[in-house]
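Visitor: Could you put together the complete structure from these sequences and hints?
So the chains spell out like this:
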Amino acid sequence: QKEVEQNSGPLSVPEGAIASLNCTYSDRVSQSFFWYRQYSGKSPELIMSIYSNGDKEDGRFTAQLNKASQYVSLLIRDSQPSDSATYLCAVGTIGGYQKVTFGTGTKLQVIP
Amino acid sequence: DAGITQSPRYKITETGRQVTLMCHQTWSHSYMFWYRQDLGHGLRLIYYSAAADITDKGEVPDGYVVSRSKTENFPLTLESATRSQTSVYFCASSVGEGSEQYFGPGTRLTVT
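As they're listed, the protein sequences go chains A and B.
Numbering-wise (this note's numbering), the first sequence opens with residue 3 and increments by one.
Numbering-wise (this note's numbering), the second sequence opens with residue 9 and increments by one.
It should be emphasised that the hints constitute simulated quantities derived from the structure, not laboratory data.
Note that the Cβ used here is the ideal one computed from N, Cα and C, for glycine as well.
Be aware that a few hints might be false.
[Unchecked claim] Here chain B is said to cover these stretches of chain A; the calculated rule only asks that three of the stretch's residues, wherever they fall, bring their Cβ under 8 Å from a Cβ of chain B:
1. 12–20
2. 67–78
3. 103–114
[Unchecked claim] Below, computed lysine to aspartate or glutamate pairings styled on EDC-like, alpha-carbon distance capped at 20 Å:
4. K109/A - E105/B
5. K78/B - E105/B
6. K69/A - E7/A
7. K58/A - E108/B
8. K78/B - E67/B
9. K44/A - E105/B
10. K65/B - E47/A
11. K19/B - D46/B
12. K109/A - E47/A
13. K78/B - D46/B
14. K44/A - E87/B
15. K109/A - E17/A
16. K69/A - E108/B
17. K65/B - D46/B
18. K44/A - E5/A
19. K109/A - D29/A
Guide: The structure is reproduced here in structure tokens:
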């Protein structure tokens, strides 16, 4: 059983701070890694994809991947109240029935 | 460009009735997926399809049936609805194995 683990939170940060969201995964052959944002009552929205070790930046978002430690993280700089949502980590592999496995999500609250 | 749509958005049905949830995508993505999302469980894969006429079971397939006669459509049928199938159902699509998935807006199903 492939597993993706996230702290359920809530993670509370003040407006303007850096929010750090973490995710670990169990399948060593995982090849693709995604972060989704899900507002309450809405569907998951893809915000970042990362495939190689290291950092990938997109605006205020930075995804970090360490395959040796089986760890992926999402940093949100200058957090805004509009960033308040649940963030889902997802891990993909090629082969097997579970192409992409989702974590249960971390709830982020940005306090004005 | 509508992307991926689901219908109905809300449905209330009675135990024992057959219900079909529709999913339509305009991207010509090969892969399509059905998930259910429940508190405490996150997203759980019900069925997926790699192409027209190719479908396979996910993590929680019991009580559900799918078909995919056309690339763009992937209906999910609950043959005899049970209260345990009360959930939010998301359809998603992706271009390939282990790739980014894009979600529809969801269907909130209540079985009374």
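Visitor: Would you mind marking each hint as holding or not holding in the structure?
Guide: Each hint, compared with the structure:
With 0 residues carrying a beta carbon less than 8 Å from a beta carbon of chain B, the region 12–20 of chain A misses the three-residue requirement, and the given coverage is violated. Here's how the region 67–78 of chain A fares: 0 of its residues keep a CB closer than 8 Å to some CB of chain B, so the rule of at least three is not met and the hint is violated. Residues of the region 103–114 of chain A with a Cβ under 8 Å from some Cβ of chain B number 4, which satisfies the need for three, so the listed coverage holds. Under the criterion of a C-alpha separation no larger than 20 Å, the hint pairing K109/A with E105/B is inconsistent with the structure, at around 28 Å.
Pair hint K78/B plus E105/B holds up; C-alpha atoms about 19 Å apart against a cutoff of 20 Å. Taken as a hint, the K69/A and E7/A pair is honoured in the structure, with Cα atoms around 15 Å apart against an allowance of 20 Å. The straight-line distance between the Cα atoms of K58/A and E108/B is roughly 16 Å, inside the 20 Å bound, and the hint therefore holds. Distance check on the hinted pair: K78/B and E67/B sit about 24 Å apart at the alpha-carbon level, beyond 20 Å; violated.
Proximity of K44/A to E105/B is assessed by CA-CA distance (about 25 Å); at most 20 Å being required, the pair is judged violated. Taking the CA atoms of K65/B and E47/A, the gap is about 24 Å. The hint is violated against a cut of 20 Å. At most 20 Å may separate the alpha-carbon atoms for a hinted pair to count; K19/B and D46/B meet this at roughly 16 Å. For the hint pairing K109/A with E47/A, the CA-to-CA distance comes to about 15 Å; that is within 20 Å, so the pair holds.
Of the supplied pair hints, the one linking K78/B and D46/B is violated, its CA atoms being roughly 29 Å apart against a limit of 20 Å. About 26 Å separates the Cα atoms of K44/A and E87/B, which puts this hinted pair outside 20 Å; it is violated. The straight-line distance between the Cα atoms of K109/A and E17/A is roughly 15 Å, inside the 20 Å bound, and the hint therefore holds. Restraint check: the Cα-Cα separation between K69/A and E108/B comes to about 18 Å, which is no more than 20 Å; the hinted pair holds.
Taken as a hint, the K65/B and D46/B pair is honoured in the structure, with Cα atoms around 19 Å apart against an allowance of 20 Å. The suggested pairing of K44/A with E5/A is violated, with an alpha-carbon distance near 24 Å, which exceeds 20 Å. Between the alpha carbons of K109/A and D29/A the distance comes to roughly 24 Å, so the proposed pair goes past 20 Å and is violated.
Hints 1, 2, 4, 8, 9, 10, 13, 14, 18 and 19 from the list above are not met by this structure, while the remaining hints are.
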